[in-house]
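Peer 1: Line order of the protein sequences matches chains C and H. Going by full-length UniProt numbering, the first sequence opens with residue 1, and the numbers climb by one from there. Going by full-length UniProt numbering, the second sequence opens with residue 1, and the numbers climb by one from there.
Bear in mind the hints are in silico, worked out from the structure with no lab data behind them.
The calculated PhoX-like cross-link candidates involving lysine-lysine, where the alpha carbons are at most 25 Å apart (straight line), are: (1) H/K253 with C/K325; (2) H/K47 with C/K153; (3) H/K352 with H/K381; (4) H/K19 with C/K153; (5) H/K19 with C/K145.
Pair by pair, the computed Cβ-Cβ distance ranges are: (6) C/M280 with H/T329: 28 to 36 Å; (7) C/R89 with H/T166: 37 to 45 Å; (8) C/R225 with H/S279: 49 to 57 Å.
Here the structure is a predicted model, which is why all the values come from computation and not from measurement. Yeah, the Cβ is synthetic: ideal placement off N, Cα and C, and Gly gets one too.
Residues per chain, in single letters:
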Amino acid sequence: MKGGDEEVAAPAGPPQPLDWKFSQVFGERTAGEEIQEVDIISAIEFDKTGDHLATGDRGGRVVLFERTDAKDRGLSRRDLERTDYPISRHPEFRYKTEFQSHEPEFDYLKSLEIEEKINKIRWCQTANSALFLLSANDKTIKFWKVQEKKIKKISKIIADPSKAVGNGNVASSSNSNSPKSFLANGVSPDRSCNHLGNDISFPPGGLPSLCLPVVTSQETNLVARCRRVYGHAHDYHINSISNNSDGETFISADDLRINLWNLEISNQSFNIVDLKPANMEDLTEVITSAEFHPAHCNMLAYSSSKGSIRLIDLRQSALCDSHAKLFEEPEAPGSRSFFTEIIASISDIKFAKDGRYILSRDYMTLKLWDINMDSGPVATFQVHEYLRPKLCDLYENDSIFDKFECCLSGDGLRVATGSYSNLFRVFGCAPGSTETTTLEASKNPMRTQVQSPSRPSRSLNSITRVVRRETLGVDANGNSLDFTTKLLHLAWHPTENLIACVAANSLYMYYA
Amino acid sequence: MAMIDEPLYPIAVLIDELKNEDIQLRLNSIRKLSTIARALGEERTRKELIPFLSENNDDDDEVLLAMAEELGVFIPYVGGVEHANVLLPPLETLCIVEETCVRDKAVESLCRIGAQMREQDLVEFFIPLLKRLAAGEWFTARVSSCGLFHIAYPSAPEALKTELRTLYGQLCQDDMPMVRRSAATNLGKFAATVEAPHLKVDIMSMFDDLTHDDQDSVRLLAVEGCAALGKLLEPQDCVAHILPVIVNFSQDKSWRVRYMVANQLYELCEAVGPEPTRSDLVPAYVRLLRDNEAEVRIAAAGKVTKFCRILNSELAIQNILPCVKELSTDSSQHVRSALASVIMGMAPILGKDATIEQLLPIFLSLLKDEFPDVRLNIISKLDQVNQVIGIDLLSQSLLPAIVELAEDRHWRVRLAIIEYIPLLASQLGVGFFDDKLGALCMQWLKDKVYSIRDAAANNVKRLAEEFGPDWAMQHIVPQVLDMINNPHYLYRMTILHAVSLLAPVMGKDITCSKLLPVVINASKDRVPNIKFNVAKVLQSLIPIVDQSVVEKTIRPCLVELSEDPDVDVRYFATQALQSSDQQMMMSS
Chain C
1 MKGGDEEVAA PAGPPQPLDW KFSQVFGERT AGEEIQEVDI ISAIEFDKTG
51 DHLATGDRGG RVVLFERTDA KDRGLSRRDL ERTDYPISRH PEFRYKTEFQ
101 SHEPEFDYLK SLEIEEKINK IRWCQTANSA LFLLSANDKT IKFWKVQEKK
151 IKKISKIIAD PSKAVGNGNV ASSSNSNSPK SFLANGVSPD RSCNHLGNDI
201 SFPPGGLPSL CLPVVTSQET NLVARCRRVY GHAHDYHINS ISNNSDGETF
251 ISADDLRINL WNLEISNQSF NIVDLKPANM EDLTEVITSA EFHPAHCNML
301 AYSSSKGSIR LIDLRQSALC DSHAKLFEEP EAPGSRSFFT EIIASISDIK
351 FAKDGRYILS RDYMTLKLWD INMDSGPVAT FQVHEYLRPK LCDLYENDSI
401 FDKFECCLSG DGLRVATGSY SNLFRVFGCA PGSTETTTLE ASKNPMRTQV
451 QSPSRPSRSL NSITRVVRRE TLGVDANGNS LDFTTKLLHL AWHPTENLIA
501 CVAANSLYMY YA
Chain H
1 MAMIDEPLYP IAVLIDELKN EDIQLRLNSI RKLSTIARAL GEERTRKELI
51 PFLSENNDDD DEVLLAMAEE LGVFIPYVGG VEHANVLLPP LETLCIVEET
101 CVRDKAVESL CRIGAQMREQ DLVEFFIPLL KRLAAGEWFT ARVSSCGLFH
151 IAYPSAPEAL KTELRTLYGQ LCQDDMPMVR RSAATNLGKF AATVEAPHLK
201 VDIMSMFDDL THDDQDSVRL LAVEGCAALG KLLEPQDCVA HILPVIVNFS
251 QDKSWRVRYM VANQLYELCE AVGPEPTRSD LVPAYVRLLR DNEAEVRIAA
301 AGKVTKFCRI LNSELAIQNI LPCVKELSTD SSQHVRSALA SVIMGMAPIL
351 GKDATIEQLL PIFLSLLKDE FPDVRLNIIS KLDQVNQVIG IDLLSQSLLP
401 AIVELAEDRH WRVRLAIIEY IPLLASQLGV GFFDDKLGAL CMQWLKDKVY
451 SIRDAAANNV KRLAEEFGPD WAMQHIVPQV LDMINNPHYL YRMTILHAVS
501 LLAPVMGKDI TCSKLLPVVI NASKDRVPNI KFNVAKVLQS LIPIVDQSVV
551 EKTIRPCLVE LSEDPDVDVR YFATQALQSS DQQMMMSS
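Here chain C stands alone, though its shape is the one from the complex (with noise of 0.2 Å):
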């Protein structure tokens, strides 16, 4: 669990680099096995405990995992500790259930049909072993109870009808599971005996011949319930859904607002941002992704198409249009062209776990952001900077809208996001960390790496930067880059070196 991390104790300077092994695959394609578009993965989230898994497609299911090791931790997690077992696993995975989150709709008013595809996942707190989720498409939020229940075989039964032979008129009404009316009427009118009535009486002792039913069967079975369905207060499309800290509130994002939500009421929300102006004609920005700080209940950063993030204070005003702080980075001078304002738009930020700093991913970059620094990022990744050239083309096949999403390591020191291809890619963002790495979502995901002809050592950082964006870029002209395999979504895992990332509807994990 700590492989990585005794390391950066160390005070020899930045973490060594992760050697990223191949771990899982979930849904892998055949060779020449066509994707079905229901089966695309369209969100992915760990839990907090790291515990469980969660995908959503886009045929609105939901596919949970969890981590086989941890349940054997969980057993005799004290006793582990206690002997100082080597932890020589890496954490493994295995599928839990699946349930339908989302049907496709159709909203007669606005003659829209409203796609099945669920757009978030996020983990709420558990309790009492049952899990508890959210899930989003365009227009609604759900939230999901999953809990393990026992199958109930009932092993007597007393009124079984067939020992009530001759009563005809009362077996038939239980037979016919119709007992609302018999018990409001008593049995039958001739016999006028209105046992259920509160005013009879029973003999003190009560009578022997009932029993209780007896249950027996200790097999369990997961059962999805949908508790509370928040609909009807996005008329835009849902980005981003998040949790408050305070574990009773949630925001829900679109291009236009942010309504806050208590967990337990689903009927009002409150709008806590509104950027629709008057006249549509003067939108100049929209909302592209928001998250609650991890600690503060009352700070809630979000990003715009623009380039910035806004932090913004939910103490200050019940509406909170007027941001707290603005992170934004001064455009360089000279530089600007027609894709610049296009690539500069945000798809997606996260906070690091200890709530300092916020990632956000452009279509160029990643970049990194002090939340007591608002002049510039404080450090900026290129991801896949060979593309800069072609965006042109990317512009023309619409490539250049695409959301890549992006995540940090739990420890904070490392962050990652995808590319095309199928590649994503891993920085180390600690002071004076260079690492940087490539790798490909499928069972060998150094192969480009390999082929690459100097792999990247520590001491010439720099100069592998620019030879391996030569080598991707031969690669490119070899095997023509592929702009339709995009490595759209991928989640750390909270406390070890994991990685989930999404290829299509495929699930790979890798750790290190």
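Given the coordinates of chain C, assemble chain H onto it according to the supplied hints.
Peer 2: Okay, now just chain H, sitting in the frame of chain C:
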């Protein structure tokens, strides 16, 4: 398995259905749990039914909620108070479930049972349960435990009391905000059972922790605790410990906390006494009335009257009234609306002179407010001002406002004002109800919106009730009947509806002489919808008028309609005829 005697069969089914697949049947059985218990007898209820319920607690939340509720009144069925403790285990498990409403109900039932339990049983069973919950692994258990301390504490021996106080202190510092919120919510109840010396030390330190919590959601619940604790403490302690906290809260960074203070502040005034109120709370309240955040001003404005009632009129005029003036021109309509809904109550507090001099201009400006909600709120409370300043002064400014609202382009606003008209009529009397308002009432009958016409018809009826048939004959009936000649059939239909409503109020003479001819005339209408409505109205008139009139006028008309070419007209005419037949049979 024993054969079930016939009369027991329903009970047996009920018991079996405790485990039925169908949730409705399970719910039904759980709701009849007391019947099952009585059938089983006290001993078997204790030994079989209750353990059975404890084991089968992974049911749906609806069933668990019903179970939690039933168990709260189950003491008689388990053999009385001396056996009450057997009810604790199933409720304990219900205190841990994830669904908040089930837990709340289980806590409520536990409190109800605990309040009846004998002291030694509380110590032997209830307090250990409480301690288990408070140390529970899941936050749900700890959340529930907070609501049980006030039941357990009074019966606990001294050592246990100390332990319980420590436990509660830990809950106030729990990792989970949910637990701290529950601790904050229940602090007042718990504090009420704690002895005075501990109150000042232990409880106040817990309170202190909560007031400094990072989570806004916890701090704002601590605000509620202020008032509760304030009432328990001696005034001087209250001034020393609570007053600074509330003054601090009134300047909290978070508007939600200030909002809570604005809502609660008046409750604290009594606890601290008049002098600190004047020196500290009034300035705090004035600050809230002028808060930057509209939500806070809304809350503060809504409490203006309650706050002023505690102060003397001099203080109110000096400090609060200037703020009220500002609020009446506030930029937020919701603030003005909140103010408008309570400001009328200030009139009796300030007395006639101050009301006329200071308050009346504010009323008038609110009555002219551009937002209808504000005006409506004023109008709905007019009686309070009427008592102070009299009708003449009021009516001059009131009428234009009403007329404006009556013609508002939002039909919901028109609807709201119509619904106030009978109230206004009863408050202000017939003298106020001049031709102007009468004309308005008629105008609504011709509104474009059905709901308005419907409400207008009702309004006409209620006015007739309020002022009597004679007044109605002069001011309402002729005008209404005039409109039966309207070229549009929908308006004619409205009049028919109004007639059917008016008839019972006006009595049989006026009905026969004035209303009935109009209805009979309408039966010749060219629109079938009118004709079958005539049939319906005639049916409603039958019980009102004399039998002779029915025979002479109503029945011939209905007979004619029952041969109408239109099927619906025939149907309703036949129905009316049948009902008149029945009427005759009954009377003969």
